[in-house]
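Protein chains in written order, with our numbering: chain A, 1 to 263; chain B, 1 to 249.
Hints were generated in silico from the structure; no laboratory data involved.
Just so you know, not all the hints are guaranteed correct.
[As the list claims (entries may be wrong)] Calculated pairs, DSBU-like style, for lysine-lysine (alpha carbon to alpha carbon, straight line, at most 35 Å):
1) B:Lys226 with B:Lys12
2) B:Lys160 with A:Lys257
3) B:Lys187 with B:Lys12
4) B:Lys178 with A:Lys258
5) A:Lys3 with A:Lys17
6) B:Lys233 with B:Lys95
7) B:Lys188 with A:Lys3
8) B:Lys226 with A:Lys257
9) B:Lys229 with A:Lys17
10) B:Lys12 with B:Lys114
11) A:Lys3 with B:Lys160
12) A:Lys84 with B:Lys34
13) B:Lys160 with A:Lys84
14) B:Lys158 with A:Lys17
15) B:Lys187 with B:Lys7
16) A:Lys3 with B:Lys229
17) A:Lys17 with B:Lys90
18) B:Lys95 with A:Lys30
19) B:Lys34 with B:Lys229
20) B:Lys34 with B:Lys19
21) B:Lys75 with A:Lys258
22) A:Lys3 with B:Lys226
Note that this is a predicted model, so its numbers are computed, not measured.
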Amino acid sequence: MIKRVAPYMHLFGLLLKVDLIILLKIVVGKIINILFWSSSIVIVATYIFPKLGMTETFGQFMVVSSIVAHSYWGIWNSTYMLMKDLEGDNEISYKLTLPMPSWLVILQYAIKHSVVKFLPSLIVLPFFKIILGSRMDLSHFSFFKFLFIFVTICLFTGFFFICIAGFVRSTSRVENVGIRLLFPLWFFGATQHSWGIMHAINPTIGYFSLLNPLVYAMEGIHSAVLGPSEYLPFWTCAVALWGFILIFSVVGVVRLKKRLDFV
Amino acid sequence: MENILLKITHLKKYYQVGKQIIKALDDVSFDIHKGEIIGLLGVNGAGKTTLSSILATLHPPTEGDVHINGQSIYKDIYEYRKIIGFCPQKPNITKDLTVEQNLYFAGQYYGMEKSATKERMNELITRYNLQMYRKMEPDVLSGGYTRRLLLARSLMHKPKLLILDEPTVGLDPNIRRKIWDDIRGLKKLGVSVVLTTHYLDEAEILSDRIIVLDKGRITLIDTPEKLMKDFKKSRLEDVFVQLIEEEAD
Numbered sequence: 001m002i003k004r005v006a007p008y009m010h011l012f013g014l015l016l017k018v019d020l021i022i023l024l025k026i027v028v029g030k031i032i033n034i035l036f037w038s039s040s041i042v043i044v045a046t047y048i049f050p051k052l053g054m055t056e057t058f059g060q061f062m063v064v065s066s067i068v069a070h071s072y073w074g075i076w077n078s079t080y081m082l083m084k085d086l087e088g089d090n091e092i093s094y095k096l097t098l099p100m101p102s103w104l105v106i107l108q109y110a111i112k113h114s115v116v117k118f119l120p121s122l123i124v125l126p127f128f129k130i131i132l133g134s135r136m137d138l139s140h141f142s143f144f145k146f147l148f149i150f151v152t153i154c155l156f157t158g159f160f161f162i163c164i165a166g167f168v169r170s171t172s173r174v175e176n177v178g179i180r181l182l183f184p185l186w187f188f189g190a191t192q193h194s195w196g197i198m199h200a201i202n203p204t205i206g207y208f209s210l211l212n213p214l215v216y217a218m219e220g221i222h223s224a225v226l227g228p229s230e231y232l233p234f235w236t237c238a239v240a241l242w243g244f245i246l247i248f249s250v251v252g253v254v255r256l257k258k259r260l261d262f263v
Numbered sequence: 001m002e003n004i005l006l007k008i009t010h011l012k013k014y015y016q017v018g019k020q021i022i023k024a025l026d027d028v029s030f031d032i033h034k035g036e037i038i039g040l041l042g043v044n045g046a047g048k049t050t051l052s053s054i055l056a057t058l059h060p061p062t063e064g065d066v067h068i069n070g071q072s073i074y075k076d077i078y079e080y081r082k083i084i085g086f087c088p089q090k091p092n093i094t095k096d097l098t099v100e101q102n103l104y105f106a107g108q109y110y111g112m113e114k115s116a117t118k119e120r121m122n123e124l125i126t127r128y129n130l131q132m133y134r135k136m137e138p139d140v141l142s143g144g145y146t147r148r149l150l151l152a153r154s155l156m157h158k159p160k161l162l163i164l165d166e167p168t169v170g171l172d173p174n175i176r177r178k179i180w181d182d183i184r185g186l187k188k189l190g191v192s193v194v195l196t197t198h199y200l201d202e203a204e205i206l207s208d209r210i211i212v213l214d215k216g217r218i219t220l221i222d223t224p225e226k227l228m229k230d231f232k233k234s235r236l237e238d239v240f241v242q243l244i245e246e247e248a249d
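So here's chain A without its partners, still in its complex pose:
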């Protein structure tokens, strides 16, 4: 496999370089967007919700959730942009005639999503540590685990995006995916509370939600940042996410190959 792909890695790298050049042009705007988004969530979760009976640590929990939010909800936009391209100028058709395997072009779209969402999202944690001070407890923070799970989550959202794109027929239907799929996955994805709480309240929903890949993303990153005691085992989350990445990459490439009818 590596031998087969190696000759095209230079070209693959060039496509990613182009993505980075484009990202650099828009990175400031992306960071501002993320900070606006996350600040809205965190301010309410830290200063309003505790007055309504939520725990004092809810704010820091939501800070960690919001690190993933940008990458996850970006799936909606990435799917829309790809559909728009397919219905419009078809920029992807140029890449599909380059001297490299076409499935690598599809993977490049997934990795592009991951990189574009990864770099600006990195700012969230240090920013809110400065803003929240002692309300953001990082005494259990594991840098290695955080980096590993964060890269994994960004890749997961990238491959989830191409998988979804393989099923969506047009730009007008992207909204359906957002509301009928992304939205419920998010709310049942341990984004507002740990999986343990969901399981304690209703074990059936708890076990059923283990089919939701976002549960592993959220539990994994909360475990890496806030400590492992209240969350699913870190490495279980990591392995599960890599399983989903593998499934989504295969399904995404197969579906898009059928859809785009490429060689």
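Given the structure of chain A, go ahead and fit chain B onto it with the hints provided.
Relative to the frame of chain A, chain B by itself:
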């Protein structure tokens, strides 16, 4: 045989739309010679763009094959892709890169050396009069300049076969003439060109051979001169109109 660049044999492309099978290409066979300009003509939906996109390896055929040097292009499709340039109808350029970057990376993608890429990029920017826009993103370009950029990009890596799908649509007459000169210049360099066009004057002036497609099949293939002689017409457009009327009958 030595003069043949591509051999297209029994090419078929079927699409399924609902329960209906649409035959976009139905048993198309012909050769493309080295340094030859082939004009692909046909009414809308005749199969011209489908044929172009199969030759550009964007889509696979349902049946049939395309051979280069006696070997199927699908045996080593990436090597084949290195010798073709494709200028599609839709302006599929990278909108977030500048004109210059679009050309630079087009060269890099095909493994050109950096210095050679820059030299070629400057040459094409000058040839297509894109100097004023080189540092700008393509969304500021008019339709005509966008087509020039597309053409320049497809020529960056000096392809042996250039597939042009409606390359002069929406261009001013003087620019069309300039592009015609370029296509003739490519022929002198030994580049083969597959030219899909709705402009029959363009096909008549440029093409060594004309292929007329109708409902996915080749109905005529010959030199423009021979076609005009056979149909006793002085212009290719009159030949084409007569053909369409005969098909309609």
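Hints and how they fare:
1. Taking the CA atoms of Lys226 (chain B) and Lys12 (chain B), the gap is about 27 Å. The hint holds against a cut of 35 Å.
2. Our distance criterion of 35 Å between C-alpha atoms is met by Lys160 (chain B) and Lys257 (chain A), whose separation comes to about 28 Å.
3. Between Lys187 (chain B) and Lys12 (chain B) the CA atoms are separated by roughly 28 Å; this keeps the pair inside 35 Å, and the hint holds.
4. With a C-alpha separation of about 40 Å, the suggested pairing of Lys178 (chain B) with Lys258 (chain A) is violated against the 35 Å cut-off.
5. At most 35 Å may separate the alpha-carbon atoms for a hinted pair to count; Lys3 (chain A) and Lys17 (chain A) meet this at roughly 22 Å.
6. Restraint check for Lys233 (chain B) and Lys95 (chain B): the C-alpha separation of about 45 Å exceeds 35 Å, so the hint is violated.
7. With a C-alpha separation of about 40 Å, the suggested pair Lys188 (chain B) and Lys3 (chain A) falls outside the 35 Å cut-off, and the hint is violated.
8. Our distance criterion of 35 Å between C-alpha atoms is broken by Lys226 (chain B) and Lys257 (chain A), whose separation comes to about 43 Å.
9. Restraint check: the Cα-Cα separation between Lys229 (chain B) and Lys17 (chain A) comes to about 55 Å, which exceeds 35 Å; the hinted pair is violated.
10. Of the supplied pair hints, the one linking Lys12 (chain B) and Lys114 (chain B) is violated, its CA atoms being roughly 40 Å apart against a limit of 35 Å.
11. The hinted pair formed by Lys3 (chain A) and Lys160 (chain B) meets the criterion: a straight-line CA distance of about 28 Å does not exceed 35 Å.
12. Using a Cα cut-off of 35 Å, the hinted pair Lys84 (chain A) and Lys34 (chain B) is violated, with the two alpha carbons roughly 38 Å apart.
13. The hinted pair formed by Lys160 (chain B) and Lys84 (chain A) meets the criterion: a straight-line CA distance of about 32 Å does not exceed 35 Å.
14. The straight-line distance between the Cα atoms of Lys158 (chain B) and Lys17 (chain A) is roughly 23 Å, inside the 35 Å bound, and the hint therefore holds.
15. This hinted pair checks out: Lys187 (chain B) and Lys7 (chain B) have alpha carbons roughly 19 Å apart, not beyond 35 Å.
16. Distance hint between Lys3 (chain A) and Lys229 (chain B) is unfulfilled; the C-alpha atoms sit about 57 Å from each other, more than 35 Å.
17. With a C-alpha separation of about 24 Å, the suggested pairing of Lys17 (chain A) with Lys90 (chain B) holds against the 35 Å cut-off.
18. Proposed proximity of Lys95 (chain B) and Lys30 (chain A) is supported: the alpha carbons are some 18 Å apart, at most 35 Å.
19. For a cut-off of 35 Å, the pair hint linking Lys34 (chain B) to Lys229 (chain B) stands: about 25 Å separates their Cα positions.
20. For the suggested pair Lys34 (chain B) and Lys19 (chain B), the alpha carbons sit about 41 Å apart, so the restraint of at most 35 Å is broken.
21. Taken as a hint, the Lys75 (chain B) and Lys258 (chain A) pair is honoured in the structure, with Cα atoms around 21 Å apart against an allowance of 35 Å.
22. This hinted pair does not check out: Lys3 (chain A) and Lys226 (chain B) have alpha carbons roughly 52 Å apart, beyond 35 Å.
Hint check: violations occur at hints 4, 6, 7, 8, 9, 10, 12, 16, 20, 22; the rest are consistent with the structure.
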